[in-house]
Amino acid sequence: MITRVAAIVVAVIGLGIATYLTIVHYAGDAPVCAIAHGCATVQKSDYAKLAGVPVALLGMVGYLGILVSLAKDSESWRNATAFLSIVGLGFSGWLTYVEVVELNAICIWCVGSAICMTLLAGLSITRMLNSPLALAR
Amino acid sequence: MSQSKRELRAERKAAREAKERVEALASARRRRFITLGGIAGVAAIILAVVIGVSASGGSPKPVKPGPAQALLAGIPESDGVLGNPKAKVTVTEYLDPQCPICAQASKDALPHLINTYVKPGKVKLKAATMSFLGPDSVKAAKFAAGAKAQGKQWAFLETFYASQGTENSGYVTDDFLNDIAKAAGVDADKAHEFAGTQAAQDELDTVDSDAQTLGVDSTPTFVLTSNGTSKVIAVGLDDLQAKLDKALS
Chain D
1 MITRVAAIVV AVIGLGIATY LTIVHYAGDA PVCAIAHGCA TVQKSDYAKL
51 AGVPVALLGM VGYLGILVSL AKDSESWRNA TAFLSIVGLG FSGWLTYVEV
101 VELNAICIWC VGSAICMTLL AGLSITRMLN SPLALAR
Chain H
1 MSQSKRELRA ERKAAREAKE RVEALASARR RRFITLGGIA GVAAIILAVV
51 IGVSASGGSP KPVKPGPAQA LLAGIPESDG VLGNPKAKVT VTEYLDPQCP
101 ICAQASKDAL PHLINTYVKP GKVKLKAATM SFLGPDSVKA AKFAAGAKAQ
151 GKQWAFLETF YASQGTENSG YVTDDFLNDI AKAAGVDADK AHEFAGTQAA
201 QDELDTVDSD AQTLGVDSTP TFVLTSNGTS KVIAVGLDDL QAKLDKALS
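Residue numbers (our numbering), protein chains in the order written: chain D, 1 to 137; chain H, 1 to 249.
Among the hints, a few may not be true.
[Said to hold, decoys possible] DMTMM-like cross-link-like pairs, simulated, lysine to aspartate or glutamate; straight-line CA separation at most 25 Å: (1) D:49 to H:245; (2) D:49 to H:239; (3) H:243 to D:29; (4) H:107 to D:29; (5) H:246 to D:75; (6) H:19 to D:75; (7) D:49 to H:238.
Rather than coming from a laboratory, the hints here were simulated on the basis of the structure.
Full structure from sequences and hints, please.
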């Protein structure tokens, strides 16, 4: 139960970050970048879109999907959460690599989202493996 | 006696059921790990495709004239400096040909900078070509030094920006540079020849040394020089035009 609640909280935070970045993308602005100073660099790079779709929008859809999968507490829904979180974690890892190695720029919002995805992957895998086992009678 | 037999049967049944339950739990746990492995496998396949698509986002585009080339028409360039040589203020852009944000800056801020300050003769604009992003940058920067010797450095850089590929993917080949040179009006043979000389390397070393002195460690960085004093006025894209206007007005 506690992992599910924690995952919902983290997913809501992630959804907030992704929504902000999506709004900024479509408004044509640069994200507020108080700590690191690479937000505009990352946002304007070729990697900010995947097949023409802004990755911020993909993140938004991903977090929404995770939230929907957390709405029910059955085995198949727990598996769905784990699947979405693992895909999100992998893609976040790739984007972090791109920021550090290819673009030499760090976007603090993207780092925040990557942390959310890492937490969600950990929580969802823990929840999937540790939830009570129901046996057929 | 019959009582004890019943008890014995009940105990055996309970033990069997307990064993079956333990086995069923272990089996269910195993199934979960297998499911997790399957999920991770499918996720890995999807990620491989997604990353492949993402990585190809920066693949080379067909060479075409940069949008700023029309803007540069009629503006004199001498020794990499664009504009009236007598202008008292110099803006130097530290750039890397491979830097995507330099390309974006050339789209977002360069037209305003040139139209408002360079064309009227208030400011002259200098390119300081760095090459810290990697081997493709070094090759492009040396070739840019060759274009500079022909008074075509800005035209070369603007055309290069419009055709940037994935950083250090090896896309900066001789053929690629030849195509850029052709579109930018640069004599490719002469530029290649210059790129192979010590003078081209010296050019890169001088820019790196100047950047170090000014504390420039990322691109694009804009430096204003006036009355012999230089200072950094803008770094990156954030509020670039406003920062340039504030420093120059």
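These are the hints, each one checked on the structure:
1. D:49 to H:245: Status violated; Cα separation ~31 Å.
2. D:49 to H:239: holds, 22 Å
3. H:243 to D:29: Distance ~16 Å between residue 243 of chain H and residue 29 of chain D Cα, so the pair holds.
4. H:107 to D:29: holds, 15 Å
5. H:246 to D:75: violated, 60 Å
6. H:19 to D:75: holds, 24 Å
7. D:49 to H:238: holds, 20 Å
This entry does not satisfy hints 1, 5, going by the numbered hints stated previously.
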